[in-house]
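Sequences are here, hints too, so could you generate the full structure?
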Amino acid sequence: MKVQPVILCGGGGVRLWPASRPDKPKPFLSILGDRSLYQQTLLRLDLIADALPPIVVTGQAMLAETQAQAAALGRTARFVVEPEGRDSGPAIAAAAALIAAETPDAVALMMASDHHIAGDADFSGAVAAAVQAAGDDDLIVTFGVRPTGPATAYGYIRPAEPLAAGVRRVSAFVEKPDLDRARAYVAEGLLWNSGNLAFRAEVLLAELERFDPAMAAAARAAMAGAARTGDLVLLDRQAFAAAPRRSIDYALMEKTQKAAVVESRFEWSDLGAWDAIWAAAAKDADGNVLAGPVATRDARGLLVRSDGPAVAVAGVSDLVIVAEAGGLLICPRDQAQQVRGLVDALGAAAGGRVDAPVFSEAGTEVRLWRLRPGIDAELPAGIVQLLSGAVDGLAFDGEGFARLDRATTVHAPGGAAVITTSRTAPGAA
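Residues 815 to 1243 in my numbering are what the sequence shown spells out, letter by letter.
Worth flagging that the hints you see were computed from the coordinates, not collected in a lab.
Owing to the predicted nature of the structure, the values given are computational and were not obtained by experimental measurement.
For every residue, glycine included, the Cβ atom is placed at its ideal position computed from N, Cα and C.
Among the hints, erroneous ones may be present.
Said to hold, decoys possible - Calculated lysine-lysine pairs in the DSSO-like style (CA-CA distance at most 30 Å, straight line): (1) 838 x 1069; (2) 990 x 1069; (3) 1069 x 816; (4) 990 x 838; (5) 1097 x 990.
What the hints assert, rightly or not - Label pairs and their calculated CB-CB ranges: (6) 886 x 1041: 22 to 30 Å; (7) 1209 x 1111: 33 to 41 Å; (8) 1028 x 1126: 19 to 27 Å.
Dropping the structure here:
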């Protein structure tokens, strides 16, 4: 049975600040080995029998890097480009629309680009079981992972009766719990929800048409109106913008009767924060995870990374220390989930923006801006390209471009991401 891998390559990985930034988001970081998380996902496809070249769903701002990192491995792929991020539901639905039109007999295998998976044989076995059930029984199969402890950072799956070899019906999806509830879930045999899926494209789209018809219609229309050039599929902006901004779990998996789960024995983490990086990484004799010019003495249970500055640590334990050009993070390891709030506070202190240079040469500067919801930010004179969200007061054309004749204060009520191209030479407009 042919398998069509779909890799979702998006998101910012805010909890991995300062290593993960708008100009270098989480999928492109080499934090567990020499390859980026996205490249490790591409290489993992070698373990899947009858796998077709992957479809990579990404945004315009990440397209060049997804292409370059795939090319560095000598891998070919199709790239479906979202005009704006609208959560996992529309992204998966758009990929399903492409598969339904081109390879309807294949089983789609949707994988996140930034997860850690270890255990090749266990991974291959879980994929085979999921693909078989999806192809033969029209199930939408998620990968549940046997917990190694009572994690509060993951959602859980309550499995029910067996449906096929190694596959059980999903009784319920459970939101991220507090610690006491997580302990109870582990004792009851619930599984971590990895969020990865196997399905036949038309089955998923048909179920979406039942439970979220606006999303299904927008995905089909965005694919039907897509511009295609070589290995690129540029989704129609207006049609895709009509898709509700919802996760696939909320839009479909929590409602469909076709949801099933394969209990996966491979080691898995979504690497959502620095404590998860520490847990997944190889450690020295003192339980430390060290990268870059780092020295320690009488220190245990640390995660210390530096991309340049020398870091010396003595007499402490169970800390995260990350020194990057974009900032410095120091926190107790068990407080790593608080990083998102700290980054939001830094963005507010910087006028509601987190911006990073993308390109600068010969008097021209290109910057990527993440505009925080409801906070004003001043954009420079030049060309503005809207990647996601909405910005009040700017007249974007049908391709998402606007021109500013002078520096302008803008407001993004729900948050937005834009790219600005401006002249930096003296007297330039």
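Going through the hints against the structure:
Taken as a hint, the residue 838 and residue 1069 pair is broken in the structure, with Cα atoms around 35 Å apart against an allowance of 30 Å. Distance restraint check for residue 990 and residue 1069: the Cα-Cα separation of roughly 18 Å lies within the 30 Å cut-off, and the hinted pair is therefore satisfied. Using a Cα cut-off of 30 Å, the hinted pair residue 1069 and residue 816 holds, with the two alpha carbons roughly 27 Å apart. Of the supplied pair hints, the one linking residue 990 and residue 838 holds, its CA atoms being roughly 28 Å apart against a limit of 30 Å.
For the given pair, residue 1097 sits about 28 Å from residue 990 by alpha-carbon distance, which is consistent with the 30 Å threshold. Distance hint check for residue 886 and residue 1041: the Cβ-Cβ separation is about 26 Å, which falls inside the suggested range of 22 to 30 Å. Taking the beta carbon of each, residue 1209 and residue 1111 are about 59 Å apart, not inside 33 to 41 Å as hinted. Remark: the range hint 19 to 27 Å for residue 1028 to residue 1126 is contradicted by a beta-carbon distance near 56 Å.
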